[in-house]
Every structure is written in C-alpha cells, then in structure tokens.
Amino acid sequence: EDQVTQSPEALRLQEGESSSLNCSYTVSGLRGLFWYRQDPGKGPEFLFTLYSAGEEKEKERLKATLTKKESFLHITAPKPEDSATYLCAVQANSSASKIIFGSGTRLSIRP
Amino acid sequence: DSGVTQTPKHLITATGQRVTLRCSPRSGDLSVYWYQQSLDQGLQFLIQYYNGEERAKGNILERFSAQQFPDLHSELNLSSLELGDSALYFCASSPDLGQDVNTEAFFGQGTRLTVV
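Protein chains in written order, with this note's numbering: chain F, -15 to 95; chain H, 6 to 121.
Source of the hints: derived by calculation from the structure; they are not laboratory data.
Every residue, glycine too, gets a C-beta built ideally from N, C-alpha and C.
With a straight-line cut-off of 27 Å between C-alpha atoms, the simulated DSSO-like cross-links for lysine-lysine are:
{"no.": "1", "chain 1": "F", "residue 1": "K82", "chain 2": "F", "residue 2": "K53"}
{"no.": "2", "chain 1": "F", "residue 1": "K82", "chain 2": "H", "residue 2": "K62"}
{"no.": "3", "chain 1": "F", "residue 1": "K82", "chain 2": "H", "residue 2": "K14"}
{"no.": "4", "chain 1": "F", "residue 1": "K63", "chain 2": "F", "residue 2": "K26"}
{"no.": "5", "chain 1": "H", "residue 1": "K14", "chain 2": "H", "residue 2": "K62"}
{"no.": "6", "chain 1": "H", "residue 1": "K62", "chain 2": "F", "residue 2": "K53"}
{"no.": "7", "chain 1": "F", "residue 1": "K63", "chain 2": "F", "residue 2": "K47"}
{"no.": "8", "chain 1": "H", "residue 1": "K14", "chain 2": "F", "residue 2": "K26"}
{"no.": "9", "chain 1": "F", "residue 1": "K53", "chain 2": "F", "residue 2": "K41"}
{"no.": "10", "chain 1": "F", "residue 1": "K26", "chain 2": "F", "residue 2": "K82"}
{"no.": "11", "chain 1": "F", "residue 1": "K43", "chain 2": "F", "residue 2": "K82"}
{"no.": "12", "chain 1": "F", "residue 1": "K41", "chain 2": "F", "residue 2": "K82"}
{"no.": "13", "chain 1": "F", "residue 1": "K52", "chain 2": "F", "residue 2": "K82"}
{"no.": "14", "chain 1": "F", "residue 1": "K26", "chain 2": "H", "residue 2": "K62"}
{"no.": "15", "chain 1": "F", "residue 1": "K41", "chain 2": "F", "residue 2": "K52"}
Residues of chain F placed beyond 10 Å of chain H at every Cβ, according to the derived structure:
{"no.": "16", "residue": "Q(-2)"}
{"no.": "17", "residue": "N6"}
{"no.": "18", "residue": "S8"}
{"no.": "19", "residue": "T10"}
{"no.": "20", "residue": "K52"}
{"no.": "21", "residue": "A68"}
Derived Cβ-Cβ restraints for the label pairs, each shown as a range:
{"no.": "22", "chain 1": "F", "residue 1": "E39", "chain 2": "H", "residue 2": "G33", "range": "23 to 29 Å"}
{"no.": "23", "chain 1": "H", "residue 1": "S84", "chain 2": "F", "residue 2": "S36", "range": "40 to 46 Å"}
{"no.": "24", "chain 1": "H", "residue 1": "A19", "chain 2": "F", "residue 2": "S78", "range": "37 to 43 Å"}
{"no.": "25", "chain 1": "H", "residue 1": "R27", "chain 2": "F", "residue 2": "G38", "range": "38 to 44 Å"}
{"no.": "26", "chain 1": "F", "residue 1": "S36", "chain 2": "H", "residue 2": "G33", "range": "21 to 27 Å"}
{"no.": "27", "chain 1": "H", "residue 1": "E80", "chain 2": "F", "residue 2": "P24", "range": "23 to 29 Å"}
{"no.": "28", "chain 1": "H", "residue 1": "E59", "chain 2": "F", "residue 2": "R94", "range": "41 to 47 Å"}
{"no.": "29", "chain 1": "H", "residue 1": "T119", "chain 2": "F", "residue 2": "S2", "range": "35 to 41 Å"}
Please model the complete structure; the sequences and the hints are all you need to start from.
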C-alpha cells in the first residue's frame, strides 16, 4: 500500500536558521512527489513536483530534492512568514492515480 | 487564487441531515479529488473522478457519495450526518492527462462543515 511519512511532526526554528524536512515514501512506481504549504484554515498551496531520483527544484528560500525512498525540503535562512504546515504527497504510476498525503510538518519560525 | 472554487465556504447543520458540497475545477482540468481534513488531522483522500467517471476511492463512508457532471464540476453529498463528520472538506483538480505530463493538483479553499 502506498504510504507517506513525514518528520519531524513539528519544528521550531529561529529566523535565519536553516533546516530540512523529511518525507519518506513507499509507492508501487512513483509518478510524482509533491510538496505543498498549508496555512491554518486554508487550502494547500502547491510548491513543487518531483518526478525522478536526483531531481531538484528551488523556489525562493525552499529547495526540494528526491531520492528513490525519500524527499527533503530544505529551507534556507527562513523568515517568520515561512511558518506553515508543509505537506508531502505521492501519486503512484497506475490507473488509480489517487494522491496520498503525509501528515505534515508544522514549521514555526521565531523572529 | 488556485482557480478551484468551492461552495459554500461554511456550513452548519444538525445531526441526521444531508448536505451537498460543490466544486468547480480549474478550467481544462479533468480530474477532481475530494479530501477530508479533521482538526489536527492530515488530508484523508475520499474519492477521485476523471472526466465524469470514478477513478479511485479512499476511505469514503457509505453515507458519502460524489459525482462529476458533464461540465466537470463535482458535488460531494454527505448524508445522515454525525458529529464526527465535522471537518474541512477540500476539493482539488488537476489536468491528469497521462504519462509525463504535469499532474499536480490545485486545491480550493475548502468548505468548513460543522455538525451540531
């Protein structure tokens, strides 16, 4: 069964303190791995899609990387406005192409 | 703005009642996904439709049903509501046109359902 596990559950950082969030996955043939940001009471906001091991994508202070078993979301010199829950999701390469989400990492950046 | 529209934004109803949540996908997107997010819970996949047909099913209760219409909008019907059904319900859409094509899903702002 397709599964996504994110760690840590919560992370508190000082402004400017870089760190990484982890997403481990098991899927029967990966079609895509997605990162989303979700603010409280809002819908998830799409950040990145990664398709194959070795791929990297960047957006402002965020960089996502992918291996055959896990993905990392690196955040460099974060600001308080980066505080949110970051969600990882996978889609299998099959006709039943549901997108399965992990439980997320709650990131809090202190000024 | 993701381009996905969900109505209503808020809904308060009593136990035992039935409600319908509506989703208009982004223009051109053929796939619609429904998710439930309870307080402090992750996004639980309910069901996916592709071009009017059911494609994948998650942990959707028998009291819940969905459909996608010819104009590609979708409705999620929740019946015999219980207190535990109170949650945020999200709709997402994607082009999902096949292999090697961007397939990420874009989410609406959700419908907050409160069952009292």
